[in-house]
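Chemist: So in this note's numbering, spot 225 of the sequence shown is number 245, and the numbers just go up one at a time.
Hint data in this document are derived by calculation from the structure and do not stem from the laboratory.
Glycine included, each C-beta is placed from N, C-alpha and C at the ideal position.
Treat the hints with care, as some may be off.
[Stated by the list, open to error] Distance windows between CB atoms, simulated:
{"id": "1", "residue 1": "V47", "residue 2": "Y307", "range": "29 to 35 Å"}
{"id": "2", "residue 1": "M311", "residue 2": "N283", "range": "45 to 51 Å"}
{"id": "3", "residue 1": "I402", "residue 2": "V364", "range": "31 to 37 Å"}
[To be verified] BS3-like, lysine-lysine: derived pairs with alpha carbons at most 27 Å apart:
{"id": "4", "residue 1": "K243", "residue 2": "K154"}
{"id": "5", "residue 1": "K299", "residue 2": "K309"}
{"id": "6", "residue 1": "K278", "residue 2": "K299"}
{"id": "7", "residue 1": "K309", "residue 2": "K278"}
{"id": "8", "residue 1": "K243", "residue 2": "K217"}
{"id": "9", "residue 1": "K289", "residue 2": "K278"}
{"id": "10", "residue 1": "K154", "residue 2": "K296"}
{"id": "11", "residue 1": "K243", "residue 2": "K188"}
{"id": "12", "residue 1": "K154", "residue 2": "K289"}
{"id": "13", "residue 1": "K296", "residue 2": "K247"}
{"id": "14", "residue 1": "K278", "residue 2": "K243"}
{"id": "15", "residue 1": "K296", "residue 2": "K314"}
{"id": "16", "residue 1": "K243", "residue 2": "K289"}
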Amino acid sequence: MCSIMLSRHILWELVKATFISVTILTVLLLYGNLTRYEDVFFKAFEQNSTVILDLTLLLLPYAISMAIPFGYTIALALLVGRWASHREVVAVKSLGVSSVSLALPIYAYSCVLSMFGMFATLEWGPVNRAEFDKLREQVLWENLSHLFVEEGEVSFPIDQNTDDQMKKSFSSLLDKEAGEVNRVTLSVSEFSEEFWKNLRITFFDHQNRILMVINSGQTFVTKSIEKGFLTLDLHQVDLEPVHSHDNFFRGGSDLFLKVSHWNQPLVLKIGEGKKKNFKRLGFIELYNKSMDSKNMRQRILARSILHKNAAVGAAPFFITLLVLPTSIILGRKEGILNLFFGIVICVSFYVIGTIGANFFENHIWSYLAWWIPNLFFLFLSILFTMRSIP
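The task is simple: from the sequences and hints, build the whole structure.
Modeler: Written out as structure tokens, the structure is:
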């Protein structure tokens with residue numbers, strides 16, 4: 021009876037500490053991801069859209085999946101260290117309770133948490149992150165029309181390394197200066213879904229200098245949401261290039277070119293499209309990719325992501341093997357050491373995993389690299405246990 025009550029007490033204290041720690045880390049991780057995509061949230065806010073809540077909720081599972089193993093590590097280290105510093109462990113043992121009885125509920129809890137963690141990293145987090153990406157794309161496309169209505173202009177950052185089709189369309193307009201384009205702004209006087217009137221396109225370089233201004237009386241618009249492309253078929257075109265980085269506003273060029281129809285449509289990549297990102301696949305789909313023998317590169321990539329997510333999800337159990345006995349010893353000396361120790365374990369997991377993944381990148385079993393931290397913690401716990409036996 022005493023053993024059952026003790027186990028319940030340990031589990032309850034552990035659940036409370038884990039919840040608090042994981043919640044704090046989840047908030048921090050969620051904030052980091054929100055700032056990463058702050059442009060999308062600002063655009064959604066400008067539209068007075070309730071989609072902001074949907075975007076936040078879709079990011080939540082990913083943040084939780086990352087917070088579980090490391091929040092639990094800190095919670096366990098602090099909790100066990102507090103028990104040791106208050107001599108609670110010694111007091112319980114003096115009543116005849118064995119170390120196994122004390123550790124059993126903690127190990128059982130870590131197993132359950134590891135199973136939930138693996139579900140979160142392999143299925144729940146990636147699937148919701150994929151839904152977040154879809155909704156983010158939708159916001160970006162809807163924001164295009166909103167900006168034209170509210171401000172009359174929209175601006176896009178340009179990364180030509182992402183697509184050859186966009187690079188080709190730029191080359192037809194700007195020739196040698198095509199590679200210098202860093203930003204494009206569009207302004208329209210009248211627009212519908214597939215037809216824009218009086219379009220003005222301005223190309224900027226990395227120093228925010230104007231490279232060329234294009235005016236199109238009539239523009240036929242094609243939106244490819246699946247690929248993230250905005251294709252502009254320009255008619256009644258008036259081009260005004262700026263040569264040798266002259267100042268456009270000081271009359272940098274006297275050259276004007278009028279064309280009835282520009283044969284090469286202008287292609288702008290304004291979204292990620294619906295391309296498959298292996299990091300956003302659920303467990304079944306990712307597992308099938310990892311077993312595909314037709315594409316070896318994709319197979320290795322899928323296996324790497326699969327094992328990394330599984331290793332992170334299963335980390336609570338392996339971390340418990342090391343943290344539990346170590347925190348008891350550290351807690352007897354100084355309670356704050358346990359917090360530092362928990363943080364060191366969290367950082368060590370990612371450092372060892374990253375180094376292992378990079379070091380064994382060219383090996384056939386490189387996808388197992390993220391299990392190295394877990395196996396390392398297991399080895400240290402066995403070594404520690406053997407040295408503790410008289």
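Chemist: Take the hints in turn and mark each one as holding or not.
Modeler: Results for each hint:
| no. | hint | in the structure |
| --- | --- | --- |
| 1 | V47 <-> Y307: 29 to 35 Å | holds (32 Å) |
| 2 | M311 <-> N283: 45 to 51 Å | holds (46 Å) |
| 3 | I402 <-> V364: 31 to 37 Å | violated (19 Å) |
| 4 | K243 <-> K154 | holds (15 Å) |
| 5 | K299 <-> K309 | holds (12 Å) |
| 6 | K278 <-> K299 | violated (47 Å) |
| 7 | K309 <-> K278 | violated (51 Å) |
| 8 | K243 <-> K217 | holds (16 Å) |
| 9 | K289 <-> K278 | holds (26 Å) |
| 10 | K154 <-> K296 | holds (11 Å) |
| 11 | K243 <-> K188 | holds (18 Å) |
| 12 | K154 <-> K289 | holds (16 Å) |
| 13 | K296 <-> K247 | holds (11 Å) |
| 14 | K278 <-> K243 | holds (26 Å) |
| 15 | K296 <-> K314 | holds (17 Å) |
| 16 | K243 <-> K289 | holds (10 Å) |
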